[in-house]
Structure formats: C-alpha cells, structure tokens
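There are 2 protein chains.
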Amino acid sequence: MRILLTNDDGIYAPGLRALRMELKKLGTVTVVAPATEQSAAGHSVTLLVPLLVNEVYEDDGQSLIGWAVEGRPADCVKLALLELLEEPPDLIVSGMNAGSNAGINVIYSGTVAAAVEGAFYHHTAIACSLEYDKKIYDFPKGANYARQVIEQILANKPAPGSLYNVNVPVLERGPIRGIKVMPQNVSTYREKFDRRVNPRGRTYFWMGLDFHCPSPNPDTDVTALAEQFITVTPLQFDMTDHARMRAMQEWNWGEMK
Amino acid sequence: MRILLTNDDGIYAPGLRALRMELKKLGTVTVVAPATEQSAAGHSVTLLVPLLVNEVYEDDGQSLIGWAVEGRPADCVKLALLELLEEPPDLIVSGMNAGSNAGINVIYSGTVAAAVEGAFYHHTAIACSLEYDKKIYDFPKGANYARQVIEQILANKPAPGSLYNVNVPVLERGPIRGIKVMPQNVSTYREKFDRRVNPRGRTYFWMGLDFHCPSPNPDTDVTALAEQFITVTPLQFDMTDHARMRAMQEWNWGEMK
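So the protein sequences, as listed, match chains A and B.
Heads up, the first sequence is in numbering that gives the first Met the number 0, so the first residue is 0 and it goes up one at a time.
Heads up, the second sequence is in numbering that gives the first Met the number 0, so the first residue is 0 and it goes up one at a time.
Fair warning: there could be bad hints in the mix.
The list treats identical chains as interchangeable, and a pair is accepted whether it falls inside one copy or across any two copies.
Cross-link-like lysine-lysine pairs, in silico, DSS-like; alpha carbons within 25 angstroms at most [unchecked claim]:
| id | residue 1 | residue 2 |
| --- | --- | --- |
| 1 | Lys24 | Lys156 |
| 2 | Lys256 | Lys140 |
| 3 | Lys256 | Lys156 |
| 4 | Lys24 | Lys256 |
| 5 | Lys256 | Lys179 |
| 6 | Lys140 | Lys179 |
Treat the hints as calculated values from the structure; they're not laboratory data.
Chain A on its own, in the form it takes in the complex:
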C-alpha cells in the first residue's frame, strides 16, 4: 500500500515522525508536508507566490523521506498528487496533529484541510489529531492508536474519496475507553484576544488560546473526546444547507432592477 503522509505542524514535527513510524507497518510512506508550522491554516492555498520544494532524506542522506513544501497543507496534497508522486497513493493521512481538531476547529484545521484536499481528488483520506493538556504529548502512543483506527477503517473497504477525522483524547488523563463514531460539534468556542501595546505605543491584538467549548452539543466529537473516547467522524465537503435551500426555493424572488 502506498501512503501519502502530510500535516500542518511541518515536516519535522514529532507528531508526523511518530505517525510515519506507525504507517510504515502498513505500507510505503512518502511525506509531502509544509516546511514550517501552518497551524490554523484552514483550507488556504498559495496562489500569489510560487511553491518552493526541497527533498528531505533520512539521517543516512540516502533514503528519501519525501518533500518539504514552503506552502500550506492543501498545497502539499495538490503538489504531491499532480507533480511529486510517481504513482497515486492508496491512502492519504494527515497528522498527527499536536492538539485535537474537533467541533468547529475542524473548519480552521490545516490537518483536516489536507485530508479534504485528498478527498477532492477521490482518495481515501484520514486526518489524525492528538488532544493535549499542559503541552504534554505522547505521540508514539497516540500514533499507535491512530494506526489501529486507520486499519479498522481500511478493513471496512471505504469507497474512494471517503474522508475521516480521527481524534485521540488526552492520554495522560486515563485509559482509552474505546472508539466512538460521532458528528462534528457545531457550537462556538469561547474566544478572546489579548489587547497589548507595542514598544512604539501602537495597539495590537493576539488571539488567546482557549480550547474550552462552553456548551458542546451532546453526543458529538467534543463530548466523546472529553469522555476519553477516540472519535471518528466521517466528513463531506458540501456546505449547502439543503433543508434551508428547499425553503428558499419557495420564496417569491423579485425581479432584478
């Protein structure tokens, strides 16, 4: 099996290294990942400037790990599929992200965007993230769980273009209670900016970090993660609100003047 691995924390991130080691148990892994951290890149792509690409080798200097791209996670997947890979991959994996990508954070996530991009191209794609607390991450253990979930997904023979979002809860909080297939929570996080003044007296703002979702909907990825379950959410990328659309089609639309 040929696996394309990418992420949004950058090609040298420990989460990617750990997941690469696990995925090598399943097949041949080629990495095409951002050269630098791209957290919260969302589904941005690079149009205004060119993409510089560097080959990255194992410490022996001989074995190609893949390519570092000075761009966004979605750029990496496009470039891998259209230019860099000699053969199409059987599976695209993105991660393992440092931090969960659940609830509306799915929309901000570069990790998930890379997987969505793979699904655009009709590849099975799985985003993997590890929730953390107090900046402690056991990526080898988290990636081991992620690989087991990936194996179970593949055992069910997903249709091409199937897209999944996998989150592993904080491992230091206690044992994993199992896997739950859950929808994305859609309630809003509590956010705030730090308002600061620079040395020249000018006000600036810095986004605070608060992953606390004050009132998640029950039975969602956010609640199941908090209950120490690994969550799996199948995703799609039709953002149409179909119920509301049918109502709007009945509106009495006026003439354009």
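Chain B: place on chain A using the hints.
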C-alpha cells in the same frame, strides 16, 4: 441597520468599495477588512503572530471607514465582533469578491470564510462574489445586484446565524436571467502547476489559474452561474457526512491494543 463589511481582497479593493456604497443605502456600514490581498486564504486564522490594526478614514481624514487588519478574513470578523465594534452588527457582508466563489472554491474562499465566521457568532452573514472573464469587472453594477439580493434575503427575515453565498455571473456576457437558489457543486476543478526553474537552477511550482470545472453536477451553483443566473446558496458548517456516519456506527469496532 448596522452592517459589518469585510472581504478577502483587502480593504482598498474596488469590489469592497463598490459594495460599501450600495450597503450605505441599507444602513450604517463599518469596514473591518484585511490590509492586503488574502485570496484563497480559506478559513485560516492567525495564531502565531499578533494582529496589527490601523484605522482607515475617508479622504476627508475625519470620517472613519473602519479598520485594516494585517491578518486573514476570519481574523477580521473575530476582531470586529470581540474588540473593534462598539455594538454588534445586524448583518455581516463579505465581498464583493473579484471572481466567483462557487463549487468547491467555496472551501478555499476567504470571502466565504469571513461570512462563516460571522455565522459561528450567530450573525446573519452573506458572502458576495462577482464572476469575471478577461479581468473585466463592473463592480458598481455587480454590487447593485448583490445589494438587491441582500434586501430580498432580509425581507424573508432570516434566523440569526443564517449564512448565504451569493454569486453574480459575468456581466459582460449578457443580461441577468434572474436568481436561482442552488446547492454547491462538489466536483473537482481541473488544476495544474507551472513547473519552473529559478535563476539558481532550483525547481519551483506555481499554481495555474483555471476556473474551468470540467463536469459540474447539473442544477448547482456552477451550472446556474454559467447560464447567467445570480446564485444564492444557503450554507452550513457541519462537515459531518451523516449518512455515512450512521453506517459506520454499525461497524464492529475492535478493541484498542
């Protein structure tokens, strides 16, 4: 009515200026928009660096237009709602974008992401884009149509958090045939990279520009735009594939080792 106006082409973009003139017919408009072009920014937000903000005035130097933010479209909406606006807006408008945001381009679009961000905060939000051909844009005319569509949406008293994506077709191709409420097309565009060599002999890649969607699904935003209709698509931001989720909940998930 208090209207927050943003975009992804930057606060000095002609599309925003034209839309601002039209929206002033409906209420008080405050602009919070990126200082520079942020095309294809997707739903990225700025975490790693602070957000610098500058007040922007009319040519008289007295009347505040709003704020230019050195960040992404979604940053602008967050910052407007949490820090800059004295009172919450009654409506958030994003645009008018130079180029359509239909089909899967909705996912890449900073224009749409800004509106989605507004909907996260339970505001009615409308993204407006003008399709173009040969780099000709009649923004005053396009913004006039967009304002008429916005008025019709508001006349139907949308629930808070309602989110809409409005596209105006190429105006030079012929008269507008009307408004169609259509779902987002989800088939893939044909994309390619230019592979080039820099003056030092290093290969780099540059995303080509091809808005041709080879096989759009019938009765979608993409097909209706091509037939010279203004399209309106109600959007939502639950990316869960609910049908596939129900099937996956029946899977026989194995124990984690």
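Status of the hints after comparison with the structure:
1. Taking the shortest Cα distances, Lys24 and Lys156 sit within 25 angstroms of each other inside one copy (18 angstroms), while across copies they are farther apart (56 angstroms).
2. In this homomeric assembly, Lys256 and Lys140 come within 25 angstroms of each other (Cα to Cα) only across copies, at 10 angstroms, whereas the closest approach inside a single copy is 63 angstroms.
3. Taking CA atoms no more than 25 angstroms apart as the test, Lys256 paired with Lys156 passes between copies only; the shortest distance there is 21 angstroms, against 53 angstroms inside one copy.
4. In this homomeric assembly, Lys24 and Lys256 come within 25 angstroms of each other (Cα to Cα) only across copies, at 15 angstroms, whereas the closest approach inside a single copy is 64 angstroms.
5. In this assembly of identical chains, the alpha carbons of Lys256 and Lys179 lie at most 25 angstroms apart only when taken from different copies (16 angstroms versus 53 angstroms within one copy).
6. For the homomeric pair Lys140 and Lys179, the shortest alpha-carbon distance inside one copy (19 angstroms) is at most 25 angstroms, but the shortest distance between copies (51 angstroms) is not.
When held up to the earlier numbered hints, the structure conflicts with none and fits them all.
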